[in-house]
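Taken in order, these protein sequences are the chains called Z and W. Here the numbering used here is used: the first residue of the first sequence is 1, the next is one more, and so on. Here the numbering used here is used: the first residue of the second sequence is 1, the next is one more, and so on.
Don't read these hints as lab results, they were simulated from the structure. For glycine and all other residues, C-beta sits at the position ideal for the given N, C-alpha and C. Keep in mind that a hint or two might mislead.
Said to hold, decoys possible - DSSO-like, lysine-lysine: derived pairs with alpha carbons at most 30 angstroms apart: (1) 123(Z) x 90(W); (2) 71(Z) x 49(Z); (3) 123(Z) x 11(Z); (4) 81(Z) x 130(W); (5) 123(Z) x 45(Z); (6) 45(Z) x 32(Z); (7) 107(W) x 106(Z); (8) 152(Z) x 188(W); (9) 188(W) x 71(Z); (10) 99(Z) x 107(W); (11) 52(W) x 199(W); (12) 152(Z) x 50(W); (13) 106(Z) x 71(Z); (14) 90(W) x 152(Z); (15) 49(Z) x 80(Z); (16) 107(W) x 107(Z); (17) 71(Z) x 99(Z); (18) 11(Z) x 96(W); (19) 71(Z) x 152(Z).
Said to hold, decoys possible - Under 10 angstroms between C-beta atoms, here's a sample of chain W residues computed to sit facing chain Z: (20) 99; (21) 122; (22) 141; (23) 152; (24) 164; (25) 179.
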Amino acid sequence: MEKKPGVQREKYLNLAHARTPEQIALMQKIEKDGVCPFCAEHFKKYHPKPIIKETPWWFVTENMSPYQGTKHHFILVYKKKHVSFPSEVSEAGITDLFKLVAFLIKKYEIPGGSFFMRFGESKYTGGSVSHLHAHVIMGDADDPKHEAVRVKLG
Amino acid sequence: MTQTALLGTAHPEHHPSAYPLWKKLCLLTATYPGFGRIDSDISYLMGCSKLKQFVSTLRSMMEPDRFCAFCNPAMVDNPPIFENDLCALKWNDFPKRGLQMLLIFPKAHLTGIAEVTPDHWAKAGELFQKACWEFNLTGGGIVARFGDSRFHAGTMPHFHWNIICPDGSVEYRAPLSKTEPDRERNYKRLLGMIAEVKKLGGYEWLRSGEMRDFPDD
Numbered sequence: 001m002e003k004k005p006g007v008q009r010e011k012y013l014n015l016a017h018a019r020t021p022e023q024i025a026l027m028q029k030i031e032k033d034g035v036c037p038f039c040a041e042h043f044k045k046y047h048p049k050p051i052i053k054e055t056p057w058w059f060v061t062e063n064m065s066p067y068q069g070t071k072h073h074f075i076l077v078y079k080k081k082h083v084s085f086p087s088e089v090s091e092a093g094i095t096d097l098f099k100l101v102a103f104l105i106k107k108y109e110i111p112g113g114s115f116f117m118r119f120g121e122s123k124y125t126g127g128s129v130s131h132l133h134a135h136v137i138m139g140d141a142d143d144p145k146h147e148a149v150r151v152k153l154g
Numbered sequence: 001m002t003q004t005a006l007l008g009t010a011h012p013e014h015h016p017s018a019y020p021l022w023k024k025l026c027l028l029t030a031t032y033p034g035f036g037r038i039d040s041d042i043s044y045l046m047g048c049s050k051l052k053q054f055v056s057t058l059r060s061m062m063e064p065d066r067f068c069a070f071c072n073p074a075m076v077d078n079p080p081i082f083e084n085d086l087c088a089l090k091w092n093d094f095p096k097r098g099l100q101m102l103l104i105f106p107k108a109h110l111t112g113i114a115e116v117t118p119d120h121w122a123k124a125g126e127l128f129q130k131a132c133w134e135f136n137l138t139g140g141g142i143v144a145r146f147g148d149s150r151f152h153a154g155t156m157p158h159f160h161w162n163i164i165c166p167d168g169s170v171e172y173r174a175p176l177s178k179t180e181p182d183r184e185r186n187y188k189r190l191l192g193m194i195a196e197v198k199k200l201g202g203y204e205w206l207r208s209g210e211m212r213d214f215p216d217d
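In isolation and in its complexed conformation, chain W is listed as follows (with noise of 0.2 angstroms):
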């Protein structure tokens, strides 16, 4: 697929500010089809914070076989704690002041809420329940986001349980949705994100999969 017919599959009407840095992604992942065919996809990497998070989520869009966090435990530092045979258990790669951080994620690449069976779910309470127990979580809140990501506010496709609990020291406020200037803010973030990434030898950079303390993390 060409860079022209990827360009001529966009919505900008649907999403005006995206388009852009659609461009820029497409230019910058050189032949990846994923942008052309969702703005969503878009959407997960404007919700990237840090620049060692927008790359992890970019390169589990690319090839999400090799490089997503949750299918590929041995590449990242912080393998899953507890599994059964659907569901995994870990802590958060991003954790925030203030909380505790935990991740519960089917252990196959379901990136549609509708790929998540009612097996899921109950594995995965199987897995919170552990959890509660080994942690002595005592209160917090469990969020999933699902669907086109333009309507809540994750930042991986790979469909996720996030299990937060304060430790009383802050208040936390869980991001659901976006606002406008939210998306123009994580746009200006994103463009110098991309910046970075082609200064690191771009989409090779991206494939060889080599990766690095940032100074933002």
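Isolated chain Z (complex conformation) (with noise of 0.2 angstroms):
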């Protein structure tokens, strides 16, 4: 989605909601460009982790920049268009979207973790980029010394 002058910060990007040096640089960077990252033709040139997946509805790969705490951390970012709200995807994008999840299960043999997904307004998501993408995050519980895993909303 091309640079639409006045609305792409709060469109694209919500640097308030950034968690690192690094994120904060190359947010800063995408916001200079006027894109979203996370838009089909720009997600590989800002995204530097290798896709593990690729469907006609998502891609599937690690976080660049995983949650303390995490063992697997993994993004699935809708590529069909810029959209904020899972209602605004197809049932046959969601079914999907639900195979994805299970080829992460099997694939990296996770016992157990969460499935999340933000939507909407990032005043009241928390999420740095508004572009639709869920999250598979698989605490470290085996580590004792291993951090909470929090995720900020709102």
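Hints in hand, dock the two standalone chains.
What follows is the structure, encoded as structure tokens:
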């Protein structure tokens, strides 16, 4: 999606919710470029991790800035178009999402974890990128020193 | 199954702090075999912050057909608002300040994500869309926990999606996993809850299905 003056910051990115210096630096560059980093045509340019799986609806990859305390942290990015609500995804896209979550659980032998997806206005979601994406997270419970995983909302 | 047999199937090396708690739960619930199978059940109970929630979760594990709040909408004050052939949507029984909290869940008692089909996800999506329109949900998060609860922060074995929408007055952090200090704190809290339930009549009281308002609720 191309730049639309005056609305791009709220529409694509929310720097206030970035967590790491690297993330802030990258987001500042993306903001200058005026694009959505998760839209399909830009995703591979800004996301350094390899794509694990790609379907007509979703990219599956590791999060470039995994939450502290996670053993696994994957993101599934909607690639059909720029949306921020799961209700804008077709039924086929939703069922495909489920299959990809099952794929990750099987491939990485995840015994238990969480599925997490923000939606809508970033002031309510705590998200840094408004483009619809889901997280699959496994807390590192085997490590007695691991941090609790708590994701920001609002 | 005897208590001795139950104790013999524990895996204290996987979760050392759970062992004495697990023994207490076995004693509390008599011969219920579930707690002998998986430490994960205990981890669900350790996540319960209120006595009413603990009682509800424990009962749903003991006899889901009778007590699971998702499978038995008639037994709760807060029944589903919308439903379709596979899923239902209701307000969360344990809401937090500053948040709109809804739950979408399969109508069948499915406890593993492997039992949840793509059709369930599609039907859950249908209810989510309806809730967005009905309650003007402009932003928030969807959280679903799956599998062994030692690796997440769930409190209810029946698979469900949490819809959490902050109203802007609070910064909420949804727990997705817990630390050892969390576990130790929760362990102590749970010991207190077990003692309370024993005072009320223990296993027989749990099976009676009686509910009451507790001071912490």
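(request) Take the C-alpha atoms of residue 188(W) and residue 71(Z), compute the straight-line distance between them, and say whether it is at most 30 angstroms. (result) holds (27 angstroms)
(request) Go through the hint on residue 99(W) and say holds or violated, using the shortest Cβ distance to chain Z against 10 angstroms. (result) holds (8 angstroms)
(message) Quick check on the hint: residue 122(W) CB to chain Z CB, less than 10 angstroms?
(response) holds (5 angstroms)
(message) Does residue 130(W) sit within 30 angstroms of residue 81(Z), going by the straight-line distance between their CA atoms?
(response) Within the cut-off at roughly 22 angstroms; holds.
(request) Given the hint that residue 52(W) pairs with residue 199(W), test it: the Cα-Cα distance must not exceed 30 angstroms. (result) holds (14 angstroms)
(message) Does the closest beta carbon of chain Z sit nearer than 10 angstroms to the beta carbon of residue 179(W)?
(response) holds (4 angstroms)
(request) Given the hint that residue 49(Z) pairs with residue 80(Z), test it: the Cα-Cα distance must not exceed 30 angstroms. (result) Judged against 30 angstroms, a Cα distance of about 20 angstroms means the pair holds.
(request) Verify the proposed pairing of residue 123(Z) with residue 11(Z), using a straight-line Cα cut of 30 angstroms. (result) Distance ~11 angstroms between residue 123(Z) and residue 11(Z) Cα, so the pair holds.
(request) With a cut-off of 30 angstroms on the C-alpha distance, tell me whether residue 99(Z) and residue 107(W) pass. (result) holds (20 angstroms)
(message) What's the verdict on residue 71(Z) and residue 99(Z), does the C-alpha distance respect the 30 angstroms limit or exceed it?
(response) Roughly 21 angstroms separates the two Cα atoms, so the pair holds.
(message) Does residue 141(W) hold up as a contact with chain Z if the rule is Cβ-Cβ below 10 angstroms?
(response) holds (5 angstroms)
(message) Hint validation: residue 152(W) versus chain Z, beta carbon distance must be below 10 angstroms. Holds or violated?
(response) OK, holds: residue 152(W) within 10 angstroms of chain Z, min 5 angstroms.
Of the numbered hints stated above, none is contradicted by the structure.
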